[in-house]
Structure formats: C-alpha cells, structure tokens
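Two independent chains are provided; combine them into the complex using the hints.
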Amino acid sequence: MQQDYLEISGLTVSFDGFVAVDGVDLSVLPGDLRFLIGPNGAGKTTLIDAVSGLVPAAGSVRYGGHELTGRKVHRIARLGVGRTFQTATVFEELTVLQNLDIAAGHRRGPLALARRRRGIPEEVERAMETVGLTELVDAPAGVLAHGQKQWLEIGMLLVQDARLLMLDEPVAGMSAEEKDETGRLLQRIGADRTVVVVEHDMDFMRSFASSVTVLHAGKVLAEGSVGEVQADPRVQEVYLGPGHHSRAEVETVLGEVS
Amino acid sequence: MNKRWAVPAAFAVAAVLLFAVAPLALSPFRLDQLGRYLCFAIVAVGIGLAWGRGGMLTLGQGVFFGMGAYLMAMHLKLADAGPGGTPDFMALISSDGVPWWWEPFRSEIVTLLAILLLPAAVAAVLGLATFRRRVRGAYFAILSQALAAAFAILLIGNPTGTGGSTGLSGFRGFFGFALSDPANRLVLFFTVAGVLLLVLALVRQLMVSRFGELLVACRDAEERVRFLGYDPANVKTVAFVVAAFMAGIAGALFVPIVGIVSPNDVGIVPSIGMLIGVAIGGRTTLFGPVLGAIAVAWAGSALSEQFPSGWTYAQGLLFMLVIAFLPGGLASLAWRRRARAAGPASVSAPLPAPSGGN
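If you read the sequences in order, they're chains A and B. So in this note's numbering, spot 202 of the first sequence is number 202, and the numbers just go up one at a time. So in this note's numbering, spot 183 of the second sequence is number 183, and the numbers just go up one at a time.
Rather than coming from a laboratory, the hints here were simulated on the basis of the structure. Worth double-checking, as some hints may not be accurate.
As the list claims (entries may be wrong) - Sample of chain A residues facing chain B (criterion: CB under 8 Å; computed from the structure):
id, residue
1, Ser52
2, Val73
3, His74
4, Ala77
5, Arg78
6, Thr89
7, Glu92
8, Glu93
9, Ala103
10, Ala112
11, Leu113
12, Ala114
13, Arg115
14, Arg116
15, Arg117
16, Arg118
What the hints assert, rightly or not - Beta-carbon label-pair distances, calculated as ranges:
id, chain 1, residue 1, chain 2, residue 2, range
17, B, Phe29, A, Leu111, 40 to 50 Å
18, A, Ala112, B, Leu116, 37 to 47 Å
19, A, Ala58, B, Met320, 46 to 56 Å
What the hints assert, rightly or not - Listed next, the stretches of chain B that the computed footprint assigns to chain A, with coverage defined by at least 3 CB atoms under 8 Å from CB atoms of chain A:
id, stretch
20, 196-210
21, 215-229
Note that beta-carbon positions come from the ideal geometry of N, C-alpha and C, so glycine has one too.
Chain B extracted, bound-state conformation (with noise of 0.2 Å):
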C-alpha cells in the first residue's frame, strides 16, 4: 500500500471496526467491556507520546485518569443526588452534608471543563518543576510512580470525601441520559470510540510536526537540543501534559461505563498496567499502543475470568519478556520484516516512523 495512505487507511478501517463491526458483532455486555478497553487504549495513546517519542517512563498515568475519573464520579454522584442533595454514600457515613470542594462540580460545565484542564495543569506543574531540575529517566519513573500511591492513599484516607476504598460507584445518570438503556449505552460506547480516533489523529500531528522531530530530539539528545537555543523542559512537559490530558479523559469516559470507581483503578499496579500494552505493543508507534492496550485489557478479561490471581503474574512476566527481548514492541517485528525485505542496507535504521500502521 502506498505509505502516504496507509494511515488515513488505518482510520478508516479503525472506524469501521469500532462504529459498525464492534455494536453488530458483540453484546452489549462484550461492547460494554471493549469501551472499558478503550479507555485504556486512550490512556495508552498519550504514553505512546511521552514515553515512546519523549522518552518519559510515565508510571503515574492513574493520578490523571484518576482525577478525571473521580471528577467525572463527583458530578455523577451530585447529579443523581438531584439540586441541593446529598450523594447516598456521604449521608451513610456522615451528616456535614457536601464537601465546599464538591460543590462547583453540581455543573456539568464546571466538571467538563475541569475534566479537560485540572489533569493537564496539574501535568504542567509536576513537568515543569520536575523536567527544570533535569529529573529524568528512572528517577523520573520512581517520582510519578510514588505520586500515584500517593494519589491512591490519599483517596483512602478520605472516604467522607471519595468514598474511600470502595470508591463512587452506583450511577444512574449520565448528563440527563440513564445509564441502564442500552441505546444510551451504546451511544456512550460511541463517544468513547469517538474521543478515541481523535486523540489519535492529535497524536498523530504531533509525532510528523516539528514539534514531534523535537521530542524525539530531547529523548535521544537531550543535552544537544539545549546548545541549539531551546528549552528542553517546555518541550517535554508539552508531551507530558498532553499524555495527562489524554489519562483524564479516558478516565472520565471510563466512569460511566465502568459504573465504579476506586483507588484500585488509580494506584501503582493500575498505572503499571496502562504502561504494558503501550511496551507490548510497540511505544514509539501510533498504533502499537493502542492495540497492545486492547489486546492487554482484553487478555486480562478473559484471563481473570478463569484464573483470578494468575493474571498480576503473567502481565508481570509479558512486560519483562518485552522489555528485555522485544524493547521496540511486537511492532519491530514489522520493521525486522520490512527491513530484511528492503535488504541489509536498511537494517540499521529502526526509525520509529510515524506510520507504524501495522
């Protein structure tokens, strides 16, 4: 196929697949669990960014799902609350009433707004301060991995605010729509499909813009880039925050799919989990991520469906196998053919090309 095409090829037959093949062949229970996977798929999106092209290892990816998750919880909970009411939960475990911090997200504009922007100015602040102070790689890794135990302890300890570790769950409404109608439900699954061929398409423009040329410059080079006149920090802090902006989404499309949300979803291993499908599938592409996020996802599914415990293991175990033996991701192996074919003289060049539409 011509190269040129093979992308916008690609998004067409990810439509297809996601708005006519997926609601005719699966049930809603089977929709319901892919549009569950496609939240992770989101997510994956933007470490995609951040780490394959910025070279960020972002293991805190659950504080910005997270955040926009429990926001998206927040308004749920307030909204089915009914004006001036109380949330279930809160009345059982306490008579203050609701929280002043609760309060602005009664508005589904407020809460719109602050889903898009609260995760990324929060990613804009840790980025900026982390990135200036030339924090990087595995010490990065350790201090968004610690953020997000932090984040998920400090939900625990809170449970007149957030439910604590049972988390918001028991949602009737979304936006006025119930969500137990199953034509609602598939709207929801659309909109999730939706957001995600669109983060994708953003994605995709920054990895071919100069911009993505420059991340790829400050992963590889970092040092250099800065004798060149830039700024290395703003240009990683970008990716970081646009990875955030993406996590906050996905997290509050996952909300009313889901129909829960606890600290489990935002910790250590949850964040950890995001991160493997992104490295199984190939992290410096635009597709590797997504698909090695569904195919993770699903396989944690249908796994656990047999043997609940044993999947922690073998996800563990897929990621150290990757990393160590496959660090380009199942997607190198498209390369390794695609150079052998085009003959020695190429081998040695395993660019991340922004194509990776295998």
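Chain A on its own, in the form it takes in the complex (with noise of 0.2 Å):
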C-alpha cells in the first residue's frame, strides 16, 4: 500500500502563457482526507485536471509507481485514478444501476460486452449501499436531486475501484444534511483510499478535513492541519487582505476556529 499514495512534483499548467498552476509539490498518503482550498482562480480544479490528465501539464505526478503526466485521461483511469466535476455528470437517460455498471466496466472484454446484465455485479450493490442510493436502482439518473447525483457519482468511482479519489466540489449546492452525509461518506471511503477534495465550502472542510493545503495564484502557500491553516497569516492575508485580523473574522470567513 505504501506505493499508492500521491506525490506531485514542480506540477506546472499555463495556458497560452498565463501559468495557472506553477510549480506545484504536494504529496498525499492514503487515509489522508486531503482538502485543497483557495481562492478563485488558484488552480485548484486545474491542479486535479492535470493529475487526471485533462490538461497537458510539465512536471511529474506519480501515483503507485507510475509517472501519470503523458498520459491519455482514459490510461491514467485504468490506473486507479478517478475524479468528479463540479457540476455532477452522470449518464441521464440511464439508470442508477446502469451508470454504476458502466463504471465497472473498462476491464470487462468484448464478449462480456456485447452480453445483457443479469442480476446487480456485487461490486455494484456494495457501491449502491455506500453512496445509499439501493432504493433507486432502477431510477434514470437524470431525475436524480441534486446531492444524489453527487453521490452517484462517488459510488460510480467506488465501482471503478479508483484509489485516489479527486472530487471538485461536491457539496455545492447541498443542504446541510446532504453536506453531512457526504462528509461521513468521504470519511468511510477514505479509510483506505487516498481522497484529494477541492471544496469553498470552509465548514464543510473544518468538519471532515483531516489535512488541508491553500493554493494561492498557482502556488502552495500554506499545507497542514486544519488549525494550522486558518492559524496561518498567510493564509489570513489571502483570504482577508493584509493586517492584522480579529478572531471573529477570521471565523466568519475561514471557518470557526476549535
């Protein structure tokens, strides 16, 4: 297992010259549920569109002893890498069942292919059971709210057997039940998983991060606990401007502090 964890190195991303990701060192372990915060425009979501190989990047991302820059976005999939966009994407006009076995399938073969499903592939079911969407099997996911098709398509990276999970955003737009129950679902699949989540949502992260780095115009400005963050002036000044801040500020905009 110790192979499976994250190490990015001099990660850099520019776009016709503007640099959105600029030298870029981050490693993450399994079991590490790992928040990646910062303000618009910090790179976030081009850092993980990077790792999974959506954008061309220089630098090296190793991932359980393979190098992922170079590759095609589908290889780096193969490889246990799986994410989740901002805007939840599932396949709407088919079933639960059906988006969750698709994702199970990049290993089967042509013949297994060209064959009818029959019965729920028992990875399918347990994924179904995590995400708490059994109920639903048969319903088409575009009729999904909101927050289940988030969790839809976690369960469609459990089924995937991804190892490192990378989720952009995925309680915007929840309600504060759907927040929670999603912050217990990162947390139960992140035992054993290595999970990188991009979230603006400072509660949200102050409740389930176990570690968070800040980005901050494409540069890692700050990476540790979550007290050790907000604590940081850095931090502070990026996000409240320079100066001094009382606690209540800081409070109200990077979380309340334990």
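Right under this line is the structure:
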C-alpha cells in the first residue's frame, strides 16, 4: 500500500502564457482526506485536471509507482485514478444501475460487453449501499436530486475501484444534512483510499478535512491541519486582505477556529 | 402486451408480413419494389445504431452501400461475361481488357468476403482516425458527407473501371440463377427479408447489451466515459463499423434486385435519403428506422410516379419538419402517449427504450 500515494512535484500548467499552476509540490497518503482550498483562480481545479490528464502539464505526478503526466485520460483512469466534476456529470438517460455498471466495465472483454447484464454485479450492489442509492436502482439518473447525482458519481468511483479519488466541490449546492452525509461518506471511503477534495465550503472543510493544502495564484501557500492553516497569517492575508485580523473576522471567512 | 414479449412478437409479425403476406398480396413488380425498400431498411437499422444510439450523424452511408453494391455488380458483370471474358460495357469503351483490381471478383467467395469485410474495414480505419482525433458532431457529419461526394466523383471519373456516371447494369445471372426467372426473384426477396430480420436481431442484441448502454453513455457524455477508463473512440468505431457492415450488405442485395447501380445511388443525395427515414421513424428505437425507411422509400416511389421532381423537395421539407418539431421521430409520439397514460411522474424521461415495437 505504501506505493499507493500521490506525489506531485514541480507541476506546472500554463495556458497561452498564463500560468495556472506554478511548480506545485504535493504528497497525499492513503487514509488522508486532503482538502484543497484557495481563492477563485488559485488553480485548484486545474491541478486535478492535470493529474487526471485533462490538461497537459509539465513536472511530475506519480501515483502507485506510475508517472501520470503525458498519459491519456482513460489510461490514467485505468491506473486507479478517479475524479468528479463541479457539476455532477452522470449519464442522465441511463438508470442508476446502468451508470454504476458502466463504471465497472473498462476491464470487461468484448464478449462480456456484447451480452446483456444478468442481475446486479456485487461491486455495484456494494457501492449503491455505500452511497445510499439502493432504493433508486432503476431510476434514470436524470431525475435524481442534485445531491444524489454527486453521490452517484462517488459511487461510480467506488465501482471503478479508484484508489485515488479527486472530488471537485462535491457539496456545492447541497443542504446542510446532505453535506454532513457526504462528509461522513468521504470519511468512510477515505479510510483506505487517497482522497483529494477541492472545496470552497469552509465549514465543511473544518468538519471533515484531515489535512489541508491552500493554493494561491497557482502556488502552494500553506499546508497542514485545519487549525494550522486557519492560524497561518499568509492564509488570512489571502482571504481577508493584509494586516492583522480579529478572531471573529477569521472565523467568518475561514470557519470556526477550534 | 407484456413488455418482455413485445419485441419477439414484433419480429414474428414482421416475419409473417414479409414471408407470407407480401408475396401473396403483391405483384412481382411491387414485390421487387418492396425488396428495394427493404435494402434501404437494412441501411437504416445500422444508421439507427450509429446515429440514434451513438450520436454519430452518418451522412455518408452511401459510401459503404456503394462499396457493397459495386463489389456485387463487378462480380455479376464478370460472371455474365463468362470465365476469362470481358464485361460488355468495358469491351465497348476500351480494348485494355479487365483491370487487375477486377480480377479477384471473378470468384464468388472472394466477392462475398469482400462485401462483408471491405466496408467494415474501411469504416474501422475511418472511425479510428476521426474519433481518436475527437472529430464529432457537425464536423463528423460534414466529413462523412464529403466522403460520399468524393466516392461518387471517383466513380464518375473512372468510366472504364466502374461504368462512370451510367454505372453498372444489365445483369443476367445471380450466382448461377437467372435473374429473369420470377421464382429466383422471389428467393431474392426472401433473402433480403431474412437479412433484414437478422440485422435487426443483431442490433437489438447490441442495444440491450452492456455495449448498448456504453454507447448511449458515449453519446451523452463522451468525456465522462474517458474518466471511467474507456476510450470512447473504440466504442463509437464499433457502432460505426456495424452500420457500415449493414450498409455494405444492403448495397450488395440492392444490385440484383434493382438491376443497376450508379453514382446516383451512392452520392450525397442518396446518403441523406438513407437518413431521412431513420429520422422520421425515430432514430433511437429498433423498429422506427426500418418503418421510417420503408415508408419514405415507398412515398418516394409513389410520389415520383406522379410528380417526378417534386419528391426531392417534399423529402427535404419532411426532414426539416421532423428534426425541428419531432426530434425523436414518429416513435416519440408513442412515448408521449405512453407517458401520459402512466401519469405525469414519468413524463420527464423519454428514454429511448430498446423495445420500441410500435
């Protein structure tokens, strides 16, 4: 399992001269629930785009003993790297079962693909239970509520057997209860996986993060526990502006300080 | 009717109509016409898979149809000419004899294999080349249409090899059977009908299989599929190859039934014609493309008997009306009715149900 960690070094992504991610070094170990925060435009989403192969990047991303940069998206996915998107992207016309079943499928051979599915595969059953969608097995994904779609996406990552999960704002637009449930879900599945969460919701971050990396202008600004990051004057400066800030001000923006 | 039996029942009805009712009710002339429509229906089944389920607007199926048709026509011309002989049209315009690339098609086996494999192989190369480069949507449609135009121009520009703009015609025999004999023509009709049912069964299996689900997923969210570890280019290429395979077979059957194949059967206009029936019938369904293709081909013959040039306009108008106001085709009327009967809760999901035996 020691192999299963994410190690990013000197990762740089630029678009036509604009450097969105600038020499980022980052390691995440399995069992860690790492939150990636930072103001808009800090390069959080671009970072996971680069890791998942969506945008070309310079530098190195190693996961499970493999170099990921330069590989195609589907090759990276086959190495156990899964991600979700800011707006849940599920196959709207397919049912929950079909969505999850497809996620299991890249290992299937042509013969298995040419046949009809009989029954519910075990890993799909397990994932439905984990994300709490068992009741909705035959519902088209298009009619699911916003939160349920996010859970379905997380379920797809589980079925896919992703060992490195990167979630892009999983709780945006969720109710307080849904956020709590998502947080507990992430803690459950994060116990033996490597999970990276990009999030703007500071309360959610405070409740569930086991470690935090703060990005600013494409660079790593600070890294540590929630408390350490909240207390970091550089982080406060980025979020609140320069100068000294009262505890109340910090709590308003960065969440309650414990 | 029980949903589970709807599709087998539809197959049974189709078999009875094609193998019993049609030969009894129709004159040999009308039966030949129906045979021709069935050829277009076979193409339509493939387009239904590639376009309806895979989202690839294939505006160039005439290329694969034409490949099958010309391969068959070349063989029939060579067979008519006898062993070592030169087909009549070639002897008329040149004294060079039979071109080298015609020679293999003196053999029945080589011809049949070529009809089955060549269109599919060309589609595989084209498909991988375009889908790997993420060419899709309107760009793919334009590309496939350009291909149809190029193919027709190639045929016209090569009169000694392909008969030029007049094409190949005047076939007397079909694998040793005289095409003038009504009994042989009936067998030919049954062959087309049988092939249609077979390709329908094949596409039905593909639609309900895991591949079918994956294909719909690629159509609706191609990028998402990549992050699940698939290369959507491969998935789409398979559907495109299946569609080309069917078009090739349809072309090969078209030749003995109609008795002529020319660039007019394979260019841009006929390629779009093959698509219109699919759009009207309902491209995501199994039987919609078949019924649509037969209806459009029938309407085309009937109307052009009355108004020779009017049909082209009517066809274009029909296509635009369906795409603008009824994108799911006539089959979507049936979903709407079913959805209304089931209550408002289920209206939101006009799922392209693979049953669709309307």
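Checked hints:
The beta carbon of serine 52(A) comes within 7 Å of a beta carbon in chain B, closer than 8 Å, and the hint placing it at the interface holds. Hint on valine 73(A) holds. Least Cβ distance to chain B is approximately 4 Å, under the 8 Å limit. Below 8 Å, beta-carbon pairs count as interface contacts, and histidine 74(A) has one with chain B at about 5 Å; its hint therefore holds. The beta carbon of alanine 77(A) comes within 4 Å of a beta carbon in chain B, closer than 8 Å, and the hint placing it at the interface holds.
With its C-beta approaching chain B no nearer than about 4 Å, arginine 78(A) sits inside the 8 Å limit, and its interface hint holds. Proximity of threonine 89(A) to chain B holds as hinted, the smallest CB-CB distance being about 5 Å (cut-off 8 Å). For glutamate 92(A), the suggested interface contact is upheld, since its CB lies about 6 Å from the closest CB of chain B, less than 8 Å. Interface restraint check for glutamate 93(A): the shortest CB-CB distance to chain B comes to about 6 Å, inside 8 Å, so the restraint holds.
For alanine 103(A), the shortest C-beta to C-beta distance to chain B is roughly 5 Å, which falls under 8 Å, so the interface hint holds. For alanine 112(A), the suggested interface contact is upheld, since its CB lies about 7 Å from the closest CB of chain B, less than 8 Å. Evaluation of the leucine 113(A) hint against chain B yields a held restraint, the C-beta minimum of about 4 Å falling below 8 Å. With 8 Å as the threshold, the beta carbon of alanine 114(A) comes within range of chain B, its nearest partner Cβ sitting at about 5 Å, so the hint holds.
The beta carbon of arginine 115(A) comes within 6 Å of a beta carbon in chain B, closer than 8 Å, and the hint placing it at the interface holds. For arginine 116(A), the interface hint holds, since its Cβ comes within 8 Å of a Cβ in chain B; the closest pair sits about 5 Å apart. At about 6 Å, the closest approach between the beta carbon of arginine 117(A) and any beta carbon in chain B falls short of 8 Å, and the interface hint on this residue holds. The beta carbon of arginine 118(A) is not positioned within 8 Å of any beta carbon in chain B (closest approach about 11 Å), and the interface hint is therefore violated.
Checking the proposed 40 to 50 Å range against phenylalanine 29(B) and leucine 111(A) shows it holds: the Cβ atoms sit about 45 Å from each other. For alanine 112(A) and leucine 116(B), the Cβ-Cβ distance of about 25 Å falls outside the hinted range of 37 to 47 Å, so the restraint is violated. Evaluation of the 46 to 56 Å hint for alanine 58(A) and methionine 320(B) yields a pass: the beta carbon distance comes to about 49 Å. Only residues whose C-beta sits within less than 8 Å of a C-beta in chain A count toward coverage, and the stretch 196-210 of chain B has 5 of them, enough to reach three; the restraint holds.
For a cut-off of 8 Å, the count of residues in the stretch 215-229 of chain B with a CB near a CB of chain A stands at 11, and the three-residue condition holds.
Hint violations for this structure: numbers 16, 18, all remaining hints satisfied.
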